[in-house]
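Engineer: Please work from the sequences and hints to get the whole structure.
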Amino acid sequence: LSIAFLYGSALLFAMHGATILAVSRYGGEREIEQMLDRGTALERAALFWRWTM
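So that you can map any letter, position 52 of the sequence shown is 52 in the UniProt record's numbering, and since no number is skipped, the others follow by simple counting.
Among the hints, a few may not be true.
Taking CB as the label site, the calculated pair distances span [stated by the list, open to error]:
#	residue 1	residue 2	range
1	SER2	ARG25	33 to 41 Å
2	LEU47	SER2	27 to 35 Å
3	ALA4	SER24	26 to 34 Å
4	LEU11	ARG44	20 to 28 Å
5	SER24	ILE3	29 to 37 Å
6	ALA14	ARG50	13 to 21 Å
7	LEU47	LEU11	18 to 26 Å
8	ARG50	GLY17	14 to 22 Å
9	LEU12	ARG44	17 to 25 Å
10	TRP49	PHE5	19 to 27 Å
11	LEU21	ARG50	29 to 37 Å
12	TRP51	LEU11	15 to 23 Å
Read the hints as simulated data drawn from the structure, not as lab findings. Where a beta carbon is used, it is the ideal one built from N, C-alpha and C, also for glycine.
Structural biologist: Dropping the structure here:
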């Protein structure tokens, strides 16, 4: 059971990294600076995850 949770957490981490790489052309690698700004790459990534879920 714990191996399944470990696999799931590794998969989520990889998906997060892939999302940041996908929005890197919009400045997605600067996540911390973009937390409160609107219209940034982080907001695009959040919209993608909201649509995915």
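Engineer: For this structure, which hints from the list above don't hold up?
Structural biologist: 11
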